[in-house]
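**Q** These are the residues of each chain, in order.
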Amino acid sequence: MTIRIDKNLCDGCGKAKEPLCVRICPGNLLYKDIDKKAEIRDKGECWDCAGCVKECPKGAIEMYLQPEIDGRGATLRAKKKSEKVEFIIKSGKSAC
Amino acid sequence: MKSDIQIVELETDILVIGGGAAGCYAGIKIKEEDEDVNVLVVDKGQVERSGCLAAGINAINAYLNPGVTPQDFVDYVKKDSEDLVREDLIYTIAQGLNKATHDLDKWGLPFIKDKEGNYIPKGKRSVKIKGESIKPVMAKALYQSGARVLNRVNITNYLVIDGKVRGAFGFSVRENKFYLIKAKAVICATGGASGIYKPNNPGAARHKIWYSPFNTGAGYAMGIRAGAEMTTFEMRFIALRTKDTISPTGTLAVGFKAKQLNSLGEEYQKNYSKKSTPYRLLATLKENFEGRGPCYLDTTHLDDHKAEALKEAYLHMSPSILLRWANRGVEPNEEGVEICGTEPYIVGGHAQAGYWIDQNRRSTLEGLYAAGDVAGGAPKKYVTGSMVEGEIAGLDALEYIRSVEGVDVDKSIVKEEFNRVVGPLNREKGFTPRELEERLQKLMDEYAGGISSNYRVNETKLLEARRLLNSLKEDLVKARANSLHQLMNFHEVVDRVDVARVLVEHLLWRKETRWRVYQERTDYPKRDDQNWFKFVNSVYDSKEDQIKIIEREHKGIGDLDDH
Ligand SMILES: Cc1cc2nc3c(=O)[nH]c(=O)nc-3n(C[C@H](O)[C@H](O)[C@H](O)COP(=O)(O)OP(=O)(O)OC[C@H]3O[C@@H](n4cnc5c(N)ncnc54)[C@H](O)[C@@H]3O)c2cc1C
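Chains X and G, in that order, give the protein sequences.
Start counting the first sequence at 1; every next residue gets the next number (the numbering used here).
Start counting the second sequence at 1001; every next residue gets the next number (the numbering used here).
If you are wondering where the hints come from, they were derived from the structure by calculation, not from laboratory data.
C-beta: ideal position from N, C-alpha, C; glycine also.
Among the hints, erroneous ones may be present.
Unchecked claim - On the chain X side, residues computed to face chain G include the following (Cβ under 8 Å):
#1 L20
#2 R23
#3 I24
#4 R41
#5 K43
#6 C49
#7 Q66
#8 G71
#9 A74
#10 F87
#11 I89
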């Protein structure tokens, strides 16, 4: 499993030095690209902890299973509501 | 590039390396005991989401529910681990488990409770939580304790002066900074090691593994290089997990009473003598060898309400399995979940590879402590056991530092480590960290008992592993890195090679099969208590480049003060 960043939704956390996802990724895999949006170095290094998915204030990051492990398009997103996290799963069919 | 890197010097009383379960709790407890002491916690990640707990957990796996005593806990771990464990370490862990759990509760981790406010047991020795936020909760408590925290610094070696550990070296993975950190005592809490063996999944899914791919055995490797005694590396940990998504199976088997079925629909575990953690894995492997696979954890008995609860439980720990159900277009109660063994890990919190320590969690090097997954001798410590070890180490270190003076550091040692660490940044040609990593994983898989060799080893294969590891080690100096991130990846391989070399020597030495699957010698297939009821330990001699084996007798629980 790995992540995909929706560049239309990501605003690089505005003026913040580090976008929140870049700040917390345990593998140091995210960075701010030349367009000032979050980007992942190498999708194959992602562990799928979902930290960034939960942290993103714009809901711009989704997780999916790689095709190598039978991924067929289903995605997982999350919304943080104060202390609680709400997860949203979309089945492969509607996502494709 | 190397010349752009600035050397930064820091000083503290107690340095904690790794801000995970053990490291955070060590920092917090030291500050609670003495707020004037300087504590610095350094992590290669960001403590809010670093280490094993990044995704969260759904149970406190080590907790003494009403009626369970510390001695019961010791007896259980002993039985599950073929009797050869450090009972003194396990007992002292058991004594602190509930206090650590109550601290997590106090800090705001959501526990599932009944109407009277009691925890809900998951099994005899575990309780249910909604633990997605465990790491942010711990990190907050750490920051509030007053400990200093340095994130995104990868520690590479200890600072050793006159045989005593007096700090550490490291580099920032985000800024051009190399650190020399001086301390009176050091607590190593860097977790275990993954990525030594070829993983279950290929290509872009290669990090879809059980243990954190970012815990790469640095703590073991630094100890090995400095000459600390290590114990029982041969008891690797191999987990029984869901296929492809490699999610934990305890949630299904214990939490939701799913039965293990083979392809004939038989509850096969009944045909095996034991039901312990490794035997559930062994049984599953055997069913597959003998043509009765694939094997499943049967979830079809769950009603819709329970199926939803199962999803919820996984969301808090391993959300990827929900995507698997979504991709297959099924609900969890419509079909069973296929299970498999993972690649082997070196992890003292589940099995018992790690530093050889005393009851105060002192290693054999003065000034150095070890706690959590990096410490040996006490399997099944999990989150709370790791926390307890952090506390024991922290409080002992607090006493120890009172008689320690500050140190002067010879510039030449700093220069030597600086050159070793940043060397690959200057090379334009050479192996990439990824190439070296794959070479390590392939040889360990084939010759040191990985998935493709059914986890089994024999002397001839291990000798070949030794030879290939030696030549790999020679080639490490020919590596290149073109960014600080790649430099970290390079050191992750260097550390894993050092761990793998020690592992192979331990596997070679123990001439019996004590821990089925974890340590399975086809040339010595039986457990042999007469000759091998003892610990295999080792010390690396860096001058001679030799790993020396030391055998240590098993002692019972010993004379613990209040046992
Ligand atoms: C997927 C998974 C699920 C689990 N589920 C449960 C559960 O439900 N219940 C339970 O009780 N236990 C569970 N465990 C076990 C538990 O998470 C571990 O036993 C515990 O976290 C170990 O604590 P630790 O401090 O030793 O390691 P960690 O918590 O992993 O901390 C190690 C820290 O060291 C840092 N580090 C590593 N190398 C370096 C370096 N070179 N320099 C600086 N910092 C470094 C890491 O970034 C990390 O923050 C689970 C483990 C895993 C992997």
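**Q** If a hint holds in the structure, say so; if it does not, say that too.
**A** Tested hints:
With a least beta-carbon distance of about 10 Å to chain G, the hint placing L20 (chain X) at the interface is violated under the 8 Å criterion. At about 6 Å, the closest approach between the beta carbon of R23 (chain X) and any beta carbon in chain G falls short of 8 Å, and the interface hint on this residue holds. At its closest, the beta carbon of I24 (chain X) sits 4 Å from a beta carbon of chain G; the interface hint therefore holds under the 8 Å criterion. A cut of 8 Å between beta carbons decides the hint on R41 (chain X): the least distance to chain G is about 7 Å, and the hint holds.
A hinted interface residue such as K43 (chain X) counts as satisfied when its beta carbon comes closer than 8 Å to some beta carbon of chain G; here the least separation is about 5 Å, so the hint holds. Among the interface hints, the one on C49 (chain X) holds; its C-beta lies about 4 Å from the nearest C-beta in chain G, closer than the 8 Å criterion. About 4 Å separates the beta-carbon of Q66 (chain X) from the nearest beta-carbon of chain G, less than 8 Å, and the hint is met. The criterion of a C-beta within 8 Å of any C-beta in chain G is met by G71 (chain X), whose closest approach is roughly 6 Å, and the hint holds.
Here the hint on A74 (chain X) is kept, as its CB sits about 4 Å from the closest CB of chain G, short of 8 Å. This hint holds: F87 (chain X) has a C-beta 5 Å from the nearest C-beta of chain G, less than the 8 Å allowed. Annotation: I89 (chain X) was flagged as interfacial toward chain G, and the flag holds, the nearest CB pair being 5 Å apart, inside 8 Å.
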